[in-house]
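Work out the full structure: start from the sequences and follow the hints.
Chains as they are written, first to last, in the working numbering: chain A, 167 to 474; chain B, 216 to 790; chain C, 120 to 442.
Relax, there's no trap hidden among the hints.
Computed list of lysine to any residue pairs in SDA-like fashion (alpha-carbon distance at most 20 Å, straight line):
(1) B:LYS662 to C:ALA141
(2) B:LYS228 to C:PRO123
(3) B:LYS228 to B:GLN248
(4) B:LYS330 to A:ALA370
Just so you know, these hints were derived from the structure itself, not from any lab. Given the structure is predicted, the values throughout are model-derived calculations rather than measurements.
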Amino acid sequence: MWWYVVKRLLQTIPVFLGATLIIFFLLKLRPGDPILNLAGNKPVSQEVRDALAAQYHLDDPLLLQWVHFVKNAVTLDFGNTFAGQPVFELIQQTFPVTVVLALMALAFDAILGIGLGTIAGLRRNGWFDSSMLVVSLILLSIPIFVVGFVMQLVFGVKLGWTTPTVGGDWNVGKLILPAIVLAIANFAYTLRLCRTSVAENLTADHVRTARAKGLPEGQVVVKHVLRNSLVPVITYIGINLGSLMAGAIITETIFNIPGVGNAAYQAIIRGETSTVVAIVTFMVMVYVFMSLIVDLLYAVLDPRIRYA
Amino acid sequence: MTETQGAQTPLLKIEDLSVAFRAGKEYLTAVDQANLTIYPGQTIAIVGESGSGKSTMAHAVIDLLPGSGQVTGGQILFEGTDIAKTGRDQILALRGSSIGLVPQDPMSNLNPLWKVGRQIKEALVANDVAHGADADRRVVELLEEAGLPDAERRARQYPHEFSGGMRQRALIAMGLAARPKLLIADEPTSALDVTVQKQILDHLDTLTDSLGVAVMLITHDLGLAAERADHLVVMYRGRVVESGPALEILQDPQHPYTQRLVSKAPSIASQRLSSVKARAEIRAQAVEHAAEVAAEVAGSGEEFGEGSNDILVVENLTKVFQLRGSKPWEKTDFTAVDDVSFGLQRGTTTAIVGESGSGKSTVARMVLDLLPITSGRVLFDGVDIKDLGSKKLQLRFRRQMQPVFQNPYASLDPLYSIYQSIEEPLRTHDVGTKKERETKVRDLLDKVSLPTTVMSRYPGELSGGQRQRVAIARALALDPEVVICDEAVSALDVLVQAQILELLNDLQAELGLSYLFITHDLAVVRQIADNVLVMQEGKVVEQASVNEVFDNPREAYTRKLLDAIPGGSIPLASS
Amino acid sequence: MPEPREGQERFVAPIDETPLRAIDAVDVDAVPENQWKEAWKRLRVSPLFWLAAAIITFIGVMIFFPTLFTSADPTRGSLDDSFAPARDGHPFGFTRQGYDLWARTVYGARASVAVGVLTAIFTALLGMITGAIAGYYGGIVDTLISRISDIFFSIPLLLACIVVISVINNTWPNRGFWGSVLVVVVALALFAWPQITRQMRGAVLEVKNLEFVDAATAIGATKMTNLRRHIVPNSLAPVIVATTITLGIFIVAESSLSFLGLGLPQNVVSWGNDLSDAQNQVRSGQHLQVMYLPAIALGMTVLGFILLGEAVREALDPKARKK
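Following this line, the structure appears as C-alpha cells:
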C-alpha cells in the first residue's frame with residue numbers, strides 16, 4: 167500500500183512541474199515590454215525598471231526564470247496585482263467562499279447524483295430510468311451560464327426565494343442556489359455513471375452467489391451491488407473538482423460572489439494577465455493535490471489497486 | 216441396505232420442469248420437461264454440453280434465474296413441498312441453509328472488494344448459524360475443512376490474492392457453511408488444472424459423505440460424472456435424453472446422443488485400443504506424404520530449409536522474464552522455460568502437456584518467433600531461426616510454420632469477413648491473382664468442411680468450433696509444413712472438440728503436416744499425438760512416445776497427471 | 120450393483136422427441152453481418168438516434184441555407200430599433216443593439232458549430248495518433264505520452280483556455296472570423312486531446328493482446344501493418360463515442376468562453392456573444408427573449424450531438440443492449 171502512495175506522490179511532481187511549465191511558457195509568449203505589463207502598462211522610470219527587472223529576474227535565462235516561477239508558486243508568492251495588492255492576499259481573501267461553494271456543489275452532486283442514479287440503475291429501463299435519462303441529457307446540453315441565468319431569474323427575481331446576487335456579505339443560505347447551478351452539469355453525468363455501474367453490478371456473478379447464500383435482497387443490494395458500484399463513481403466525483411473550479415468562474419460572475427473565480431474574471435477584464443495566470447496556477451495546484459487525494463481514496467476503496 | 220434405500224423419500228424431485236427465457240417478444244425454451252430425483256446423502260451428476268440447460272435447471276431450483284428467465288411448467292419438490300410455487304420468503308429461507316450452491320467461475324463469483332473470510336461469515340450470519348466472534352472462528356474451521364492451508368491468515372485476505380484452486384475451496388466452504396442438505400455444484404472445477412481438480416473433487420466427496428450432504432454435480436465431462444456419481448442424467452438441448460445408473464450408461468448407452476458422447480469424449484476414448492489403432496494409421500499416411508514434401512524441398516533451391524526428416528529441433532530452450540518486485544527498483548527473474556529440448560519428425564505430432572504455469576505456451580510462442588528467446592536454439596528444417604536476416608527469409612520461414620490458437624473468439628479479426636481472414640496470408644505474401652486466391656480459399660474451406668457460403672460471413676456469426684475451422688483454414692493457406700496448435704481445442708465443447716481433432720488428423724494424413732500440439736489435457740493426447748513432452752514449472756519432466764507414457768509412465772508427476780484424467784479409471788465394457 | 124431407487128430407474132428419451140442435430144452445423148441461410156452493420160441496425164431503430172438526426176439536420180440546414188429561415192442581415196441594425204418588438208419580417212423583434220434577433224440566432228449557428236466540429240476533428244486526430252502509439256508500442260514511448268497527457272489533463276479545460284486566449288489576445292488582437300475560430304479551436308484541442316488519447320490507448324491495449332494480432336504477426340505482418348490493418352479499426356468504437364459526445368461539450372465551451380469575453384470577438388455573430396450581451400437583461404427581468412432564443416438554439420444543438428453520442432454508444436456497446 168505504501169508503495170502505491172509513494173508512487174502516486176512521485177507521479178504528481180512531474181505533472182505539477184509540467185503544468186507550471188506550460189503556464190510559464192504561455193506567460194512568456196506575450197510580446198511587448200514585460201516591464202510595462204508588470205507595471206500595469208503605465209510608463210515607468212529607469213529606476214523602477216531596474217527594480218522590477220531584479221525582482222522578477224527578467225535578465226536571467228529562461229530556464230532559471232521558470233525555476234523562480236515554480237519556487238514562487240510553491241511558496242505561494244504570486245507577485246502583485248496592478249493595484250499593488252499581493253496576489254496571494256487576494257487569493258486568501260477570496261478562497262474561502264469558493265471552497266464553501268465548491269463543497270456545497272460537490273455535496274449536491276454526490277448526494278443527488280448517487281441517490282437518483284442508484285434508483286435508476288436498480289429499476290433499469292423503467293419509467294424512472296427513462297425520465298432520468300431525458301433529464302440528464304437535457305441538463306448536459308445547457309451551458310452553465312444559461313442555467314445560472316434562468317435559475318437566478320426564476321428563483322431570485324421572479325419568485326424571490328433567494329437573493330439574486332450574493333455580494334460581499336455571504337452566508338451558506340445565499341450560496342445554495344449558486345451551488346446547485348454549479349453542480350448541475352456534473353450531477354447529470356454522475357447520475358448516468360452511477361446508473362450504469364449499478365445496472366452492471368446487479369447482474370454480476372458474485373451478486374448471484376450472494377443471493378444463493380441466503381442473503382435478503384436488501385443486504386445484497388447494499389453490501390454487494392452498491393459497494394462495488396460506488397468505486398468508479400466516487401473517483402469520478404473527485405476528478406470533477408477540476409470542472410467545478412472552472413465552473414466557479416462563471417457562477418461567481420453571474421451571482422456576484424466574491425470568490426477566486428470572480429477575482430480571476432475581474433483580472434481578465436482588466437487585462438491583468440499575470441494575475442490571471444497566478445490565480446490559475448493556484449487552482450491547478452489545488453486540483454493536482456485533490457486528484458492525488460482521490461487516487462489514494464480509490465486505493466482504500468478497491469483493494470486490488472493496493473496490491474497491484 | 217436395499218430395504219433402507221427403498222424406504223427413503225427423495226430429497227429433491229424435479230417433475231416435468233420447463234424453464235424459458237424471454238428474448239424480445241419470443242420465449243426460448245431452455246429446459247423442456249425435465250425429470251430428476253435425488254435422495255438424501257446421494258451424489259448425482261447432470262451431464263451436458265453448453266446449451267443443454269443443465270445450469271439453468273440448477274439455478275431454477277433455488278430461484279436464481281436471471282431477470283428474463285422463468286419456470287413455465289412442472290414442479291420442484293424439495294422435501295415434499297413444491298418450491299417452484301412458494302413465495303420469496305420461503306425460498307430465501309431455503310437458500311444456504313437447506314440448499315447450497317458452489318458456482319462455476321471462482322474469480323467472478325467472489326466479491327473482489329470484500330475479504331474472503333467476511334464473505335463466508337455472511338453466509339453464517341444470514342442463516343443464523345453463528346454470529347460475531349463465534350462466526351469468525353467457524354469461518355476458519357470451515358476453510359480448513361475445505362482443505363485450505365493456513366486458513367486463519369487466508370480468511371483475512373482478498374480474493375485476488377488467492378489462486379484459482381484456493382478460491383474454489385473458499386466457495387465450497389461458503390456453500391457448505393450452513394450445512395445444507397443439498398449442495399448444487401455447478402461445474403465446480405472446470406476452470407482448474409487437472410491435478411487440482413482431482414484434489415478438490417476428492418475432498419468434496421469425502422466432505423459431503425461425512426456430512427451426509429446430497430450433491431447435484433453439474434459437469435460437461437462424462438468421465439468425471441461417472442467417476443463421482445452413481446446416478447447420471449444426460450441432457451441435450453433442454454431435455455433429459457437418458458438417465459440411470461452411471462456404469463450402465465457408460466457401458467451400454469442407449470440414446471444416440473449418449474452414444475455419441477461415450478464414443479467421442481476424450482477421457483473415455485483415450486482408454487480404447489481403437490483410438491490407438493486409428494492414430495497409427497493416420498501417422499503412417501502422414502509420414503508418407505511428408506516424405507514426398509521433404510524430397511521436394513530438398514530438391515528445389517527456393518524452398519526454405521533442407522528437406523530433412525527433423526523438421527523442428529529445439530535445443531536447450533530457455534526463457535527468463537524479468538518481473539517487477541514489490542519495490543520499483545527490485546527485479547526478480549522468473550524462469551518460465553528451463554532448458555527444454557525436443558525434436559519433431561515430419562508427418563508426426565509431438566504434444567507438449569502441462570498444467571498452467573508449466574511454460575508450454577511460452578515454448579510454442581518462442582518456436583513461432585513471437586517471443587524472443589533468452590537462450591537456446593530453435594532449428595527449423597536445419598535453419599536456426601535466429602539467422603533469419605533478411606525480410607525475405609523471414610517471410611519464407613513464416614510460410615512454413617503457422618499457428619492455431621486457443622481462443623476461437625479472439626483468433627479472427629471481427630471486422631474481417633471469413634474470406635478476408637483466410638486470404639490475408641495470401642495477400643501478405645503476394646500469392647497469385649485475385650481469382651486464384653479466391654479459388655484457394657474455397658478449396659481451403661472445403662478441406663475444413665465448411666460450406667463456401669461462409670466466405671461472406673463474419674466471425675461473430677459463427678460458433679467456436681466453426682471459427683477454429685476457419686483458423687485452421689487460414690493456417691493452411693500458405694501450405695505450411697508445420698502447424699503449431701496452442702491449446703487449439705481446449706475451449707470447445709466435447710463433441711466439437713472430437714470433431715476438430717478428427718479434422719486435424721485427416722488433414723495431417725492428407726497433407727503430410729507435422730504438428731506441435733500444446734495442451735493441458737492428457738486424454739486428448741492419445742488421439743492426436745505420437746510423442747509427448749510432459750512439462751512442469753518450465754522443465755521437461757518426461758519425454759517419450761505416447762504409448763510408453765500411457766502404459767509405462769516413469770515419473771511421479773506423469774503418473775499424477777494420468778491418474779487425474781477424469782473417468783480414466785472406469786472400466787468400459789467394450790474397447 | 121444395487122437396484123436403482125424409485126425415480127432413478129434407467130430412462131431413455133424417445134428418439135423422435137429428442138432428435139439429434141449435426142454437430143456444429145453452419146446456418147446456411149443467415150444474412151452476413153459484421154460489427155458495423157449490426158451497429159447500424161441497432162441505430163436505425165433507436166429513437167434517440169432519429170431525434171438527434173432530426174435536430175442535427177435542422178441545424179445543418181440553418182447553417183448552410185440561412186436564407187431559408189430569414190431574409191434579414193444579422194450584422195445590420197440601428198440603435199433606433201433597440202428592443203423593438205416583432206414586426207413584419209422580424210418574428211422575434213430586436214436585440215439591445217438593434218439587430219434582428221431571429222437572424223442573429225440563425226446565423227449564430229455557424230460560428231458555434233464550426234468551433235465544435237473543428238475542435239472535435241483535431242482532438243480526435245491528435246488523440247487517436249498518440250493513443251495508438253502509446254498503447255501499441257508501450258514502454259518508454261507509452262510512459263512519455265501518458266505523462267504528457269496527464270499534465271495537459273490536469274489543467275482544467277476552461278481555465279487553460281482562459282489563460283491561452285488571454286495571452287493570445289495581447290499578441291494578435293485583430294483576428295477576424297477564421298482567426299478567432301482557429302484560436303478557440305486550438306486552445307480547446309490543446310487541452311482536450313488527453314481524453315481521446317485515454318480512450319484510444321485503453322482500446323488498443325485490449326486489442327493488441329488478442330490472438331488474431333499474433334496470427335497476423337505469424338503470417339509475417341510488421342508492427343506497423345498490424346496497427347493499420349487490425350488494431351486501429353478494432354479500437355475505433357470508444358473513440359467515436361467519445362468524439363461525438365465531446366463535440367457537444369466543445370460547443371458549450373465556446374459559448375462559455377464567449378460569455379467571459381474570451382471566445383469569438385464581439386463582431387462575430389455567435390450564440391455565445393449574444394448570451395453575453397443578454398446578461399444585463401436577466402437582472403432587469405425584461406426583454407428576456409434576447410436570452411431565451413440563443414439559449415434554446417444552443418441547448419438544442421448541443422442536445423442533438425449529445426443524443427447522437429448516446430445513440431452511437433448504445434449501438435456500438437454490446438453490453439448495453441436492452442433485454
